[in-house]
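*Asks:* If you're matching them up, the sequences are chains A and B in order. Each residue of the first sequence is one higher than the one before, starting from 1 at the first, in the working numbering. Each residue of the second sequence is one higher than the one before, starting from 1001 at the first, in the working numbering.
Hints in this document: simulated from the structure, not taken from any laboratory. Worth double-checking, as some hints may not be accurate.
Calculated lysine-lysine pairs in the DSS-like style (CA-CA distance at most 27 angstroms, straight line) [stated by the list, open to error]:
no.	chain 1	residue 1	chain 2	residue 2
1	B	Lys1103	B	Lys1056
2	B	Lys1103	B	Lys1156
3	A	Lys55	A	Lys72
4	B	Lys1235	A	Lys72
5	B	Lys1056	A	Lys55
6	B	Lys1056	B	Lys1156
Here are the chains, one letter per residue:
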Amino acid sequence: MMTQAVPPASGMLRMCRILEVVAHSPVLKSFLVPRLFDALPGQFVNLWLPGIDEKPFSISGIRETCMELSVKAVGPFTRRLIECAEGEWVGIRGPFGNGFPLEPGALLVGGGIGMAPIRFLAQMMAERGLPCTLVCGARTRADLIFEPELLRWGCHMSTDDGSCGTCGQVTDLLDGLMAEHPASAVCAAGPEPMLLRIMEFADRWSLPYHISFERYMKCGIGICGQCCVDGSGIRLCIEGPVLNRDQTRLVTEFGLPHRDASGLRPGTPASPLGKR
Amino acid sequence: MNPIQTTLPGLTLASPLVLASGILGLTASSLARVASLGAGAVTTKSFGVEPRAGHKAPSILPYEHGILNCVGLSNPGVDQMIREIWAYRARSVVPIIASVFGKTVEEFGVVTARALEAEPDMIEANVSCPNVAAEFGVPFGADFGSCAQVTGIVKKNAGRIPVAVKLTVNCPAIGRMAGVCEEHGADVITAINTIGPGMLIATDVRRPVLSNLTGGVSGPAVFPVALRAVWEVRKHTTLPIIGVGGVTTVDHAVQMLMAGATAVGIGSAVHYGGVDVFQTINEGLREFARANGLASLGAVIGTAHSEPPPRGSGA
Chain A
1 MMTQAVPPAS GMLRMCRILE VVAHSPVLKS FLVPRLFDAL PGQFVNLWLP GIDEKPFSIS
61 GIRETCMELS VKAVGPFTRR LIECAEGEWV GIRGPFGNGF PLEPGALLVG GGIGMAPIRF
121 LAQMMAERGL PCTLVCGART RADLIFEPEL LRWGCHMSTD DGSCGTCGQV TDLLDGLMAE
181 HPASAVCAAG PEPMLLRIME FADRWSLPYH ISFERYMKCG IGICGQCCVD GSGIRLCIEG
241 PVLNRDQTRL VTEFGLPHRD ASGLRPGTPA SPLGKR
Chain B
1001 MNPIQTTLPG LTLASPLVLA SGILGLTASS LARVASLGAG AVTTKSFGVE PRAGHKAPSI
1061 LPYEHGILNC VGLSNPGVDQ MIREIWAYRA RSVVPIIASV FGKTVEEFGV VTARALEAEP
1121 DMIEANVSCP NVAAEFGVPF GADFGSCAQV TGIVKKNAGR IPVAVKLTVN CPAIGRMAGV
1181 CEEHGADVIT AINTIGPGML IATDVRRPVL SNLTGGVSGP AVFPVALRAV WEVRKHTTLP
1241 IIGVGGVTTV DHAVQMLMAG ATAVGIGSAV HYGGVDVFQT INEGLREFAR ANGLASLGAV
1301 IGTAHSEPPP RGSGA
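Take these sequences, add in the hints, and give me the full structure.
*Replies:* In structure tokens:
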């Protein structure tokens, strides 16, 4: 079942103040901003800190009057962003991308901060009374986001160090869950190695899948070409970030380092190999 | 006979629509996709001798009437672009134009010589980026002498490959600039690049939004300016023109042809019409040709300069 598509994004900037900050841990926070538009789980926005930088973030939830963005401090921008307080101005452009379909009976799998769009998806499916099985993985308990909420939803958890849920990788749980209670599809977001394992899992069980991928992005409006994936050349900011099996099959760059701001893939040898 | 076929030096294009430089032109896969969707030719993102990250975000910003950008010539460098062009050529027979830039006249020469390794169908010298003035100084396209020098060295180093020079309206007289390019060996004029530059301020925080404060303006807002520039270039040279700037509709494309363009660049229209915009405008151009009894769209090129109004038009 596909949710109704939102109208095409204009990509224009809108300014708003941060309404509330929820700290999950010193490096994980959620920011509530006004609900500037409707969006689907899996869609993202570009968030601008005036005078600093602009980066894409998945929407982690939408309520009546507000929209939630969840951030992990991993680089200079996100470290600055998680210091932001209630009342500060931010710029928002979006919503960008296609979003997840709502598949009753799906396995929803989030890894690390990849839980952000999966949590929004779970929230929307719960609101519509659609059954799903929620699975979440993280390195340690400290890297988990939305833990109380996830426990309430009966989420299956795994951590690399066993500090919460099963010890191991989130993909280790999937075969067991599938044997116990066959799913209709898989929706996933998280680190790419995990996503590739989920694709293998889904292929093994002949399950349809919808997986959210990340790449360096600039414009969000489908013109700069920075997020085009090798193989099909489709734009992750428009036709993605959520790709299905037919779409991922045409991608040839999974598992490789991502192209940087220049468009160069790190590790590419200096001299051209292309010639004949 | 394909009524919308057009020609540029050494090339036959199945459609006059050319993917403009800077749009979806970074990788072989992206360029090949655009080619498969109906572009008559594709242009790479402008590249130089070394990789460049360009300006920080926000570097691309749509507003009510167009798009501002201060991307700042980000590109993976000539080594990588040679690979991309080769990979593209393995996948598509649609002509590919290699857009090059240099920080100096000499660099234009070097990057052109290197770009030949990829055997592109045309070299386009981008002398008109408005976003690197702080680093590069006044664009070469704003000065008759510099523009002549760049054209000369690119032409010399391009050998048998045709050379287009991409001009800016930010110059004393674009028509005369095109004439200078023609004198120094250009085979094609591409007009225009983004205009301005412009600025947008986020009033809530009293601060310009673009990281580089200003950015070139593209999209529907610039179409009349681009059209006038193509008209002027046509007045001053006999060279074929790729008319670029804010073309988003079939009517815009026809206007460009009538002003004197042989081919029509498509850039920001990808935002307004999606990647299907090539197909949409191609179909509209075929319909225009059919409705006007034209065996070839070529029959309207430059007609706004000379032709009396068609009979019965009421004019």
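*Asks:* Now look at each hint and say whether the structure bears it out.
*Replies:* Hints versus structure:
1. Restraint check for B/Lys1103 and B/Lys1056: the C-alpha separation of about 20 angstroms stays at or below 27 angstroms, so the hint holds.
2. Taking the CA atoms of B/Lys1103 and B/Lys1156, the gap is near 18 angstroms; set against the 27 angstroms cutoff, the hint holds.
3. Taking the CA atoms of A/Lys55 and A/Lys72, the gap is near 12 angstroms; set against the 27 angstroms cutoff, the hint holds.
4. Only pairs whose Cα atoms come within 27 angstroms are accepted, and B/Lys1235 paired with A/Lys72 is rejected, the gap being roughly 58 angstroms.
5. With a CA separation close to 10 angstroms, the supplied pair B/Lys1056 and A/Lys55 stays within the 27 angstroms bound.
6. For the hint pairing B/Lys1056 with B/Lys1156, the CA-to-CA distance comes to about 35 angstroms; that exceeds 27 angstroms, so the pair is violated.
In this structure, the hints that do not hold are numbers 4 and 6, in rising order.
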